[in-house]
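There are 2 protein chains.
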Amino acid sequence: MQLIDGKAVAGQVKQEIAAKVAAMVEKGMKRPHLAAILVGHDGGSETYVAAKVKACEVCGFKSTLIRFESDITEQELLDKVAELNNDPDVDGFIVQLPLPRHINEQHVIEAIDYRKDVDGFHPINVGRMSIGLPCFISATPNGIMELLRRYGIETCGKKCVILGRSNIVGKPMATLLMQKSNPGDCTVTVCHSHTMNIKEECRQADIIIAAMGQPGFLKADMVKEGAVVIDVGTTRVPDTSKKSGFRLSGDVQFDEVAPKCSFITPVPGGVGPMTICSLMNNTLLAGQKAIYK
Amino acid sequence: MQLIDGKAVAGQVKQEIAAKVAAMVEKGMKRPHLAAILVGHDGGSETYVAAKVKACEVCGFKSTLIRFESDITEQELLDKVAELNNDPDVDGFIVQLPLPRHINEQHVIEAIDYRKDVDGFHPINVGRMSIGLPCFISATPNGIMELLRRYGIETCGKKCVILGRSNIVGKPMATLLMQKSNPGDCTVTVCHSHTMNIKEECRQADIIIAAMGQPGFLKADMVKEGAVVIDVGTTRVPDTSKKSGFRLSGDVQFDEVAPKCSFITPVPGGVGPMTICSLMNNTLLAGQKAIYK
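Chains as they are written, first to last, in the numbering used here: chain X, 31 to 323; chain G, 31 to 323.
By construction, these hints were calculated from the structure, which means they are not laboratory data. Keep in mind that this is a model prediction, so the values were computed, not measured. C-beta atoms are modelled at their ideal positions from N, C-alpha and C, and glycine is treated no differently. Please note that a few of the clues may not be correct.
[Claimed, not checked] Computed footprint of chain G on chain X, listed as stretches where at least three residues anywhere in the stretch have a Cβ under 8 angstroms from a Cβ of chain G:
id : segment
1  : 147-158
2  : 224-238
[To be verified] The following residues of chain G were derived to be distant from chain X, with all beta-carbon distances above 10 angstroms:
id : residue
3  : Gly-41
4  : Gln-42
5  : Asp-143
6  : Arg-158
7  : Gly-162
8  : Asp-215
Build the full structure now, drawing on both the sequences and the hints.
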């Protein structure tokens, strides 16, 4: 069994990005600039945004954090989005989700100029990914693809089961892994709450991507010997032994599943760090105008 | 075994559309207007476009056929697309594919205003479909969904195997059938040229959508008793007994597969007629400004 060290890979990718940025700056180009809008004070969102700002520093990006209280109106937020769309200094930006209930997230996502949509949530980027055209691929799926690539995991012709059909992980993961590409060319099955015999589906899989958000869902008897298991789950589970009062739990019962795997990602330290690193990569591409002019 | 009569359903749907158009006209609204651009004289394309023009008549639409010789430049074609985008009388339009080799089809598709993209090929429509937002869904997948709906075929929790991963059938079909909807909520597996044991995959399926373009690919020993089989294949096979010199062949070995099925579509007369009928439905929605303002 080989542990997939997402933290180490993410560190390496960020160093590679930093080197590219240094070369850009040396040529007189400007540093890529990522802006992030954070609404309210959700604990998870605060953590993620802080990590993104820190990653920007490591990569040599300029970053701007724009904060709003949670009583901001949708129109005020849309106005800020329009301002960032039109700001030539901002290469890419994100609006940290979730947003307060009175704001329609989809309106906000669609208001972002797709050429600056480094989260890859705009319908144009989603559609282009599905068709197989150059685009900003959303961070988590892209991070998983990078892990498969860097660990040289064979995917062509493999049976891949994806647990979960969310717009930000399950569906794009299915699209990417069935694509004519490497990684890719998998026979992909997407399972969800209505799947009849999820255990049997999983037992047939060479590769399992667990993205249901159900702590410890995937157990040893659901995994075949030698499988590759990618755990996307990051549920906060109360834990009094931690200073924060919680720990992150994956969708995989790691202790019992790991011994059967050829490769497995831990939680934390697997997919999580790669997510931010994919956002950094999209920001680099935005700064380089590598996808859209 | 019940034969799914796509021709009959398509006729019925067109009558329903015609009734809605009559009601629109009675209220003083204009008839929906579909324009089609046909480049060159490909036999298949001529047939399809003629059928579309005829379907427009049945539905009470205005239709305009714009013909170009195959030596038209990409720029001339893009100019015509821009003209149709800006023509307020045209509610929706299509550029019949395939285009001559010297023209980049993707450029043309992306040049079409997504609000008039009744073929549903523009990345925005593809992305919105994936996310589950209102959009123009491409004709063949939408036609298949309509057949499942009209025949009351249960899909929730069913295992569905899709043969083929094309942008116009396989991928959108997978997206639609895994969606939280009815029809939908299937456990979807997408098979393709790299799938290891396609026979075994098919034998597990409650629903098979065959869209590989390989005449007679799906045989009786690949189908379980009681399965629903939807045949999307329409390959022209030489046949000297026909006036045209060819017959249309599906991807299913119909004679041997049909007796095992609960429902099956024939070729011709199954999915084919529904495809044009979905285009008509999208044109109606465009005329009503029901999806985009």
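Outcome of the hint check:
no., hint, in the structure
1, 147-158, "holds (count 7)"
2, 224-238, "holds (count 4)"
3, Gly-41, "32 angstroms, holds"
4, Gln-42, "30 angstroms, holds"
5, Asp-143, "13 angstroms, holds"
6, Arg-158, "5 angstroms, violated"
7, Gly-162, "7 angstroms, violated"
8, Asp-215, "4 angstroms, violated"
Consistency note: the structure conflicts with the earlier hints numbered 6, 7 and 8.
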